[in-house]
Amino acid sequence: GIQVEQSPPDLILQEGANSTLRCNFSDSVNNLQWFHQNPWGQLINLFYIPSGTKQNGRLSATTVATERYSLLYISSSQTTDSGVYFCAVTRLAGGTSYGKLTFGQGTILTVHP
Amino acid sequence: SAVISQKPSRDICQRGTSLTIQCQVDSQVTMMFWYRQQPGQSLTLIATANQGSEATYESGFVIDKFPISRPNLTFSTLTVSNMSPEDSSIYLCSVAGTALSGANVLTFGAGSRLTVL
Numbered sequence: 001g002i003q004v005e006q007s008p009p010d011l012i013l014q015e016g017a018n019s020t021l022r023c024n025f026s027d028s029v030n031n032l033q034w035f036h037q038n039p040w041g042q043l044i045n046l047f048y049i050p051s052g053t054k055q056n057g058r059l060s061a062t063t064v065a066t067e068r069y070s071l072l073y074i075s076s077s078q079t080t081d082s083g084v085y086f087c088a089v090t091r092l093a094g095g096t097s098y099g100k101l102t103f104g105q106g107t108i109l110t111v112h113p
Numbered sequence: 114s115a116v117i118s119q120k121p122s123r124d125i126c127q128r129g130t131s132l133t134i135q136c137q138v139d140s141q142v143t144m145m146f147w148y149r150q151q152p153g154q155s156l157t158l159i160a161t162a163n164q165g166s167e168a169t170y171e172s173g174f175v176i177d178k179f180p181i182s183r184p185n186l187t188f189s190t191l192t193v194s195n196m197s198p199e200d201s202s203i204y205l206c207s208v209a210g211t212a213l214s215g216a217n218v219l220t221f222g223a224g225s226r227l228t229v230l
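These protein sequence lines map, in sequence, to chains A and B.
Counting along the first sequence from 1, when you hit position 3 you're at 3 in the numbering used here, and nothing is skipped either side.
Counting along the second sequence from 1, when you hit position 117 you're at 230 in the numbering used here, and nothing is skipped either side.
Since the hints were made in silico from the structure, they are not lab data.
C-beta: ideal position from N, C-alpha, C; glycine also.
Do not take every clue at face value.
[Claimed, not checked] A partial selection of chain B residues facing chain A, derived with a Cβ cut-off under 7 Å:
id : residue
1  : Met144
2  : Phe146
3  : Leu156
4  : Ser166
5  : Val175
6  : Ile203
7  : Ala209
8  : Asn217
9  : Val218
10 : Leu219
11 : Thr220
12 : Phe221
13 : Ala223
14 : Gly224
[Stated by the list, open to error] Covered stretches of chain A, as calculated for chain B (at least 3 residues, CB under 8 Å):
id : region
15 : 29-36
16 : 104-113
If we strip away everything but chain A, and leave its shape as in the complex, we get (with noise of 0.2 Å):
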């Protein structure tokens, strides 16, 4: 199956630093999200990018399939952004149904005030 590596695997932070978390993917994919998932376990939806750059406030995402990684940019950072961030995949070969997410390990972001 398709491999997700995510790094850092840990990130600590002080409050209004910025950082860049990467997602490395062995195989061409038709879906790629990208999720945090708060103290309480809920997963919120970041950003749906296969392709192209998205922003959403602080935050934004970048997707190079033909290199396959994509990447997440978190400025000025907040202690409310401290979670885990799971990068997410189906790959695109053998029409694997786009709902079928394979998700990297995680980068677990803690913000200090």
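Please arrange chain B on chain A, whose structure you already have, making use of the hints.
Coordinates of chain B only, in the frame set by chain A:
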């Protein structure tokens, strides 16, 4: 995006018992899925819940252990049967194909956190 309600939100269960988790969506959706997140781990797909037919299970998951129902386009259940401590996990329902989120975007419920003693 769709509003997904899962019940129970958490439960403590005894070894050998079974528990059914319900997932209710506020709008009709094309596809529903069940995922598992073991403690400290990432999410793994258990199965696709098919409306009106048997669920499609991923490798490592079987119907006898995780029976799934989906009687209509807004509701599904997952049963965790004959539980052992290794089944302690968060079980999450997810949907795709809503009018608001689009066909390819998955939205997740808040999850059901099960602890098996």
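Okay, the hints, checked on the actual structure:
no.	hint	in the structure
1	Met144	holds (5 Å)
2	Phe146	holds (6 Å)
3	Leu156	holds (5 Å)
4	Ser166	violated (15 Å)
5	Val175	violated (17 Å)
6	Ile203	holds (6 Å)
7	Ala209	holds (4 Å)
8	Asn217	holds (5 Å)
9	Val218	holds (5 Å)
10	Leu219	holds (6 Å)
11	Thr220	holds (6 Å)
12	Phe221	holds (4 Å)
13	Ala223	holds (5 Å)
14	Gly224	holds (5 Å)
15	29-36	holds (count 4)
16	104-113	holds (count 3)
Comparing the model with each earlier hint shows violations of hints 4, 5; every other hint is respected.
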